[in-house]
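Trainee: Single-letter residue listing:
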Amino acid sequence: MNTATPTLSVRNLRTWFHTRAGIVRAVDDVSFDVYPGEILGLVGESGSGKSITGFSILGLIDPPGRIDGGQILFKDVDLAALTREELRRLRGNRIAMVFQDPMMTLDPVFRIETQMVETILSHERCSGRAARARARDVLAAVGIPSPEERLKAYPHQLSGGMRQRVAIAIAMLHKPDLIIADEPTTALDVTIQAQILAQMQQLCADTGTAMVWVSHDLAVIAGLADRICVMYAGRIVESGPTDDILDRPRHPYTIGLIGSVPSNEQTGPRLYQIPGMAPSPLSLPAGCAFNPRCAHATERCRAEQPPLEALGPRTHRCFHPRTGDAS
Amino acid sequence: MNPPILMQAEQVSRLFVKRPDYAERLAALLGIKSHAYTVQAVDSVDLAIHEGEVVGLVGESGCGKSTLGRLLAGILPVTSGTICTPAGELAHLTGQAAHAQRLATQMIFQDPMSSLNPRKRIRDIIGEAPLAHGIVSRADCDDYVAEVMRRVGLDPDYRNRFPHQFSGGQRQRVGIGRALAVKPRLLICDESIAALDVSIQAQILNLFMDLREELGLTYLFISHDLGVVRRISDRTVIMYLGRVVESGPTRDIFTAPRHPYTQALLDEVPRLSNRKRRFHGIQGEIPSPLHPPAGCHFHPRCPHAMPRCKAEQPLLQPVGAGHRAACHLIDESTQKGSMQ
Numbered sequence: 006m007n008t009a010t011p012t013l014s015v016r017n018l019r020t021w022f023h024t025r026a027g028i029v030r031a032v033d034d035v036s037f038d039v040y041p042g043e044i045l046g047l048v049g050e051s052g053s054g055k056s057i058t059g060f061s062i063l064g065l066i067d068p069p070g071r072i073d074g075g076q077i078l079f080k081d082v083d084l085a086a087l088t089r090e091e092l093r094r095l096r097g098n099r100i101a102m103v104f105q106d107p108m109m110t111l112d113p114v115f116r117i118e119t120q121m122v123e124t125i126l127s128h129e130r131c132s133g134r135a136a137r138a139r140a141r142d143v144l145a146a147v148g149i150p151s152p153e154e155r156l157k158a159y160p161h162q163l164s165g166g167m168r169q170r171v172a173i174a175i176a177m178l179h180k181p182d183l184i185i186a187d188e189p190t191t192a193l194d195v196t197i198q199a200q201i202l203a204q205m206q207q208l209c210a211d212t213g214t215a216m217v218w219v220s221h222d223l224a225v226i227a228g229l230a231d232r233i234c235v236m237y238a239g240r241i242v243e244s245g246p247t248d249d250i251l252d253r254p255r256h257p258y259t260i261g262l263i264g265s266v267p268s269n270e271q272t273g274p275r276l277y278q279i280p281g282m283a284p285s286p287l288s289l290p291a292g293c294a295f296n297p298r299c300a301h302a303t304e305r306c307r308a309e310q311p312p313l314e315a316l317g318p319r320t321h322r323c324f325h326p327r328t329g330d331a332s
Numbered sequence: 571m572n573p574p575i576l577m578q579a580e581q582v583s584r585l586f587v588k589r590p591d592y593a594e595r596l597a598a599l600l601g602i603k604s605h606a607y608t609v610q611a612v613d614s615v616d617l618a619i620h621e622g623e624v625v626g627l628v629g630e631s632g633c634g635k636s637t638l639g640r641l642l643a644g645i646l647p648v649t650s651g652t653i654c655t656p657a658g659e660l661a662h663l664t665g666q667a668a669h670a671q672r673l674a675t676q677m678i679f680q681d682p683m684s685s686l687n688p689r690k691r692i693r694d695i696i697g698e699a700p701l702a703h704g705i706v707s708r709a710d711c712d713d714y715v716a717e718v719m720r721r722v723g724l725d726p727d728y729r730n731r732f733p734h735q736f737s738g739g740q741r742q743r744v745g746i747g748r749a750l751a752v753k754p755r756l757l758i759c760d761e762s763i764a765a766l767d768v769s770i771q772a773q774i775l776n777l778f779m780d781l782r783e784e785l786g787l788t789y790l791f792i793s794h795d796l797g798v799v800r801r802i803s804d805r806t807v808i809m810y811l812g813r814v815v816e817s818g819p820t821r822d823i824f825t826a827p828r829h830p831y832t833q834a835l836l837d838e839v840p841r842l843s844n845r846k847r848r849f850h851g852i853q854g855e856i857p858s859p860l861h862p863p864a865g866c867h868f869h870p871r872c873p874h875a876m877p878r879c880k881a882e883q884p885l886l887q888p889v890g891a892g893h894r895a896a897c898h899l900i901d902e903s904t905q906k907g908s909m910q
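Chains as they are written, first to last, in this note's numbering: chain A, 6 to 332; chain B, 571 to 910.
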C-alpha cells in the first residue's frame, strides 16, 4: 500500500525485565512499521506489553528492564543505539509522547506558559516572545478556547479534557514526525474523548505525522487506526489493515477480543467470553502463550512457538488461523 | 401489568454544601465577604425501579449518577424528596424494617481493591456480614462462604487468601460475592466493570446476567459506557448535571433518542463498525456543577439551543410509551404538528 520509507520501523524488539523472580519478557520479538500520516493501533489488555513497546521506542525503560535485542529504526537511525544526549535531542522534538494521565506530563507547580516555552527553547534558539507566541498558536490549534488566558493558568485550574489537550499541544510544539499516544483518552468522558480524537485525526492528516496509538479499547482503535497490531503476552499475535482484522480476524485471541466488546447494534443476554485469565508474565505457558485459553489448541501449540506468518498485508502467529468472519 | 415497584424516588435532591473553614469564618468576622459553595449533585430526580428489571443509569463525570446510587442505597441521606420502598419511606424506616431494607439493597463499587479490606481474608470479607446479621450460624459460615464463592465463579479453596492475591476480575467477583452474601433484592453497580479489561468485563457482565436469572435480582447499573448499558439494561436513564434528561425503554432510547444530549452521546460512542470515521465531538466542556448554566443545563453545548432554553428549565414529558425527555424542542415539534 505504502511505498514511502516508514517513519518508524521496529524490528524484532525485545524488552525484558530482569527481576529477582525471573525474566519478564514484556516485549518479545515485536516488529512493525509506521508510515508518514498513518495511525497504527496497538491493541492489547493490561500486561500485554503494549505500553512497554511505546516506552521502549522513546528509551523510557528503567532497570531492571532493558532492551535486549532488536532495532528501533526512526528514519534509518537506530534509537536503541543512541547515546542519552542524542536521544534527548530527538525526544520531544522529532518524536513526542502523550500519556494517559495528563497530570503525569504536566508539572503542577509551573504555569502552562512556562512548561510550553521551556519545551520550545530546549530544542531550538528563539526569543522568549516568539516561543510564547508559538505556544499560544499551538494551544489554539488543539481547540483550547481563549489560549492567551490559558497560558497563564496552572494545570489544576484546567479540566481533565483541557489538560489532555495541553499535553497534546506540548507534543505537537515541534511538529514531530512521530507521536506515541499511550491511552490518551481512556480517562476522559465520551463527549470529550470524541473532541480529542477529532483533533488528533485532524493534526495527523494536516502535518503528516505518524502515530502509534496504544489502547485497550478496540472500538476507539476501529474508528481511528489505519492498521492494527494485536498484542498478547508480549508478542504481536496478529496485524493488518483495520477492516481485515475486525471483519476477518485470524487469531483466536483477536476473535475473542472482538466478541467480548459489547456492541451498540445488538442486545442479547450473553457476551462471548474468553475462558481463563491472562497468564502471569513470569511463567508464560510453553509454546503459544494463548494455548491454555484457546479452543483450537493442539499438541503442537503446547510445544512450539508459532512463527510469524505473513499473508499479503497481514501477519499472524497461529498454527490454526481462522478464516471466517467475526461472529 | 407491571411487576411491583421495588424502589421509587420522587423529586429526590441532594445538595453538598462546603462549610466555611476557620480562615473563612475569621475573614467573615473581619467583614470580608465569603460565600458558601453549594453543589446540587442530584436535582429533583424521579426514578422507579420495578422488581426484576435492569435499569441503566448513564452520564458523564459529575452528573450525579453515583450520588443518586448512594441515595437509593441509603448510604447518603436525601436533602429533599422521598425514596419509597415496599416497606415504607426509606428515611422513616426504623428498627427491623430499616435493618431489612439495608440488607435488601447492596452496592458493588468500581475499584475492588479500594473497596475490599486488604488485611482481611476472603472468608471474612464475604462471611462477616451474614454472620453479623444472623443469616448463618458460625458453624455453617464456612460452607455458606464456599457456596457464595462457587456462585460467583471463585474456587472455594481460595477462601483463606487476601485480596492482593487475586487478579482484578477475581477481586470484582469477591466484591459481588460480598454483596450477594446478605441475600439482597436490589444490586446497585456503580461503574462495577469500568476498571476491568475487555475480556474480563465480558465475564463479569455474564455473571451479572446469570445471577439475575438464578436469583431474580434487580439491578441499577450505573455506567458511562453506553455499549454495556444497551447490552444489559431493560430501561435506560440519562443524566446531565444532576438532572434526568431522558428516560425510557432501552430500545427506544438507543433507536429514537429525543434529547440532543442523548443524540450526541450516541453519536460519539466509538463502535467496532465505525471504521476510520471523522470524530466530531459536541462542542464545549462539561460545565462545573458549582455553576450550572441557567435554564436547560445543556444549552451552552446544544446545537439546537433557543432563547427559551437559556431562561426556562424544560420538564420531563412523555414522548412515547414509558419514554420521557426534558427538552423544549419537543414542545416546538408538537406545536408545529398541531398547527399543520
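For the record, the hints were derived by calculation from the structure and aren't laboratory data. Note that CB positions come from ideal geometry on N, CA and C, so glycine has one too. Mixed in with the good hints, there may be bad ones.
[What the hints assert, rightly or not] Pair by pair, the computed Cβ-Cβ distance ranges are:
id: 1; chain 1: B; residue 1: E621; chain 2: A; residue 2: D73; range: 55 to 61 Å
id: 2; chain 1: B; residue 1: A699; chain 2: A; residue 2: D106; range: 33 to 39 Å
id: 3; chain 1: B; residue 1: L599; chain 2: A; residue 2: F115; range: 32 to 38 Å
id: 4; chain 1: B; residue 1: P863; chain 2: A; residue 2: D106; range: 56 to 62 Å
id: 5; chain 1: A; residue 1: P113; chain 2: B; residue 2: L885; range: 50 to 56 Å
id: 6; chain 1: A; residue 1: M109; chain 2: B; residue 2: A597; range: 47 to 53 Å
id: 7; chain 1: B; residue 1: A597; chain 2: A; residue 2: D67; range: 56 to 62 Å
id: 8; chain 1: B; residue 1: Q666; chain 2: A; residue 2: V114; range: 52 to 58 Å
id: 9; chain 1: A; residue 1: H325; chain 2: B; residue 2: N572; range: 56 to 62 Å
id: 10; chain 1: B; residue 1: R720; chain 2: A; residue 2: S288; range: 58 to 64 Å
id: 11; chain 1: B; residue 1: A864; chain 2: A; residue 2: D83; range: 41 to 47 Å
id: 12; chain 1: A; residue 1: D73; chain 2: B; residue 2: H703; range: 52 to 58 Å
id: 13; chain 1: A; residue 1: S51; chain 2: B; residue 2: E784; range: 47 to 53 Å
id: 14; chain 1: B; residue 1: A864; chain 2: A; residue 2: D142; range: 42 to 48 Å
Trainee: With reference to the structure, classify each hint as holding or not holding.
Mentor: Verification of the supplied hints:
For E621 (chain B) paired with D73 (chain A), a C-beta distance near 59 Å keeps the hint of 55 to 61 Å intact. For A699 (chain B) and D106 (chain A), the hinted distance range of 33 to 39 Å is satisfied, since their beta carbons lie about 35 Å from each other. Range check, L599 (chain B) to F115 (chain A): about 36 Å between beta-carbon atoms, so the 32 to 38 Å window is met. The supplied range of 56 to 62 Å is broken by P863 (chain B) and D106 (chain A), whose beta-carbon atoms lie about 29 Å from each other.
Distance hint check for P113 (chain A) and L885 (chain B): the Cβ-Cβ separation is about 43 Å, which falls outside the suggested range of 50 to 56 Å. At roughly 35 Å, the beta carbons of M109 (chain A) and A597 (chain B) sit outside the given window of 47 to 53 Å. Roughly 47 Å separates the CB atoms of A597 (chain B) and D67 (chain A), a value that falls outside the hinted 56 to 62 Å. Checking the proposed 52 to 58 Å range against Q666 (chain B) and V114 (chain A) shows it holds: the Cβ atoms sit about 56 Å from each other.
The hinted window of 56 to 62 Å between H325 (chain A) and N572 (chain B) is violated, with their beta carbons roughly 50 Å apart. The hinted window of 58 to 64 Å between R720 (chain B) and S288 (chain A) is violated, with their beta carbons roughly 27 Å apart. Distance hint check for A864 (chain B) and D83 (chain A): the Cβ-Cβ separation is about 60 Å, which falls outside the suggested range of 41 to 47 Å. For D73 (chain A) and H703 (chain B), the Cβ-Cβ distance of about 56 Å falls inside the hinted range of 52 to 58 Å, so the restraint holds.
At roughly 30 Å, the beta carbons of S51 (chain A) and E784 (chain B) sit outside the given window of 47 to 53 Å. A hinted range of 42 to 48 Å is violated for the C-beta pair A864 (chain B) and D142 (chain A), which are about 34 Å apart.
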